[in-house]
Amino acid sequence: MRSEIRRVSLRPAEQGAAGARILAFGGYQPANEVTNDDLARTVDTSDEWIRARVGIASRRIAGPDESVPDMAVAAGGKAIAASGLSPADIDLVIVATCTHEVQIPNVSATVAHRLGITAPAAYDLNAACAGFCYALAGASDAVRAGSARHVLVIGAEKLSQWVDWTDRSTCIIFADGAGAAVVGPAAGPGQAGIGPVAWGSAGDLAGTIQIADRNSFITQEGQAVFRWATTKLHPVAQAACAKAGVDPQDLAAFVPHQANLRIMESLARQLGVPRERVADDIVHAGNTSSASIPLALSRMIERDELGSGEHALLLGFGAGLSYAAQVITMP
Amino acid sequence: MAMTEKEILEGLGEIIDEIAGVPADEVTPDKSFVDDLDIDSLSMVEIAVAAQDKFGVEIPDEELKNLKTVQDVVHFVQRSGVTA
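Chains as they are written, first to last, in numbering that gives the first Met the number 0: chain F, 0 to 330; chain X, 0 to 83.
Don't read these hints as lab results, they were simulated from the structure. Where a beta carbon is used, it is the ideal one built from N, C-alpha and C, also for glycine. Incorrect hints may appear among the rest.
[As the list claims (entries may be wrong)] Distance condition first, Cα-Cα at most 30 Å in a straight line; then the derived DSS-like pairs of lysine-lysine:
(1) LYS77/F - LYS64/X
(2) LYS77/F - LYS53/X
(3) LYS67/X - LYS77/F
[To be verified] Derived, one-sided and incomplete: chain X residues facing chain F with beta-carbon distance under 7 Å:
(4) ASP35
(5) ILE38
(6) SER40
(7) VAL44
(8) VAL48
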């Protein structure tokens, strides 16, 4: 009898942390460096043309046997090692990617297994070049809600396998790599290291960046995307700063998705952030989609360009179109 | 009152000077953006956005490819029935 089924109140989730913070970053780039002069030998372009239009001098391209999960494992392993945690401490793995070789299985469960993380929750997320910031927001919320304690967030991309290497408008831009962060609970109240996210999407412009079907390459309407990025995104970045209570003048770094140096410099001008505080990893990394922001951050830490406790503004944006921004405190 | 051709040209000169670093006095009607002023497709977007703000007209991306010379932009702004 259904009337005998009791209707009990559901217990709420276990108490989460008061705030979340980033414990460490890790980055990985393939060994094979491809310069602008290398590209000029196969398509009609030049070092000068590429530097002027997109600001890239060289990029790294994965080998034929180097996959998205391989690069994710490399970056994720570095981030865990730098965090001081052991793989067993991680209970959620989120991999942001839009260029995985196959649809099933996902990247995250395989990567977790290869890193020795036992039975974590694991899912992939596709918000293209905004993916890392989306995943970071999800990780922060999970830690605060109590559904996870330590989260491994990875952006990993092999764009080279979706690029038409005879199309000079795209093959000069896109590249391969991975970046990762370990997210955990903040030390105490008021110690949160990941600010509230400002995010959204513009599906009316979905066709401006796309891979139309599984036999197609990535295409981009350069002028439309440039116009969108240079006119619609600085309010998103400003909103992230306002939500976090940080004035753009007080940012130690502005780390936008490394899409195009001219977009990044335009955004910095509109935000009032001096050029020397803008991450420009694109020069030697190219556009690595969801990997670009954690890759840039891990390199800035390696070079001592960012100190612990300083604030950085992250702004991911790209296909979807999707965008997300948040202020973080450097580990 | 509609802006005169001279006023639009002056305004456009200021925009191009600021965005592309081309001195305003070089921005004359017969000049081609690409061939004479060395302005690329992305700078054209920035010029269009700035011109929209300055002249109160809409310059969509699909129109940009038709605007090859300074005169083309001046005429486009005039045709769009700008009032200032």
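Evaluation of the provided hints:
For the given pair, LYS77/F sits about 47 Å from LYS64/X by alpha-carbon distance, which is inconsistent with the 30 Å threshold. For the hint pairing LYS77/F with LYS53/X, the CA-to-CA distance comes to about 50 Å; that exceeds 30 Å, so the pair is violated. Only pairs whose Cα atoms come within 30 Å are accepted, and LYS67/X paired with LYS77/F is rejected, the gap being roughly 51 Å. Contact between ASP35/X and chain F, as hinted, is not supported at the beta carbon level, the nearest pair being about 17 Å apart and thus beyond 7 Å.
The criterion of a C-beta within 7 Å of any C-beta in chain F is not met by ILE38/X, whose closest approach is roughly 11 Å, and the hint is violated. Taking 7 Å as the C-beta cut-off, the interface hint given for SER40/X holds, the closest approach to chain F being about 6 Å. Proximity of VAL44/X to chain F holds as hinted, the smallest CB-CB distance being about 5 Å (cut-off 7 Å). The closest approach between the C-beta of VAL48/X and any C-beta of chain F is roughly 6 Å, which is under the 7 Å cut-off, so the hint is satisfied.
Going down the numbered hints, you'll see the structure goes against 1, 2, 3, 4, 5, while the others check out.
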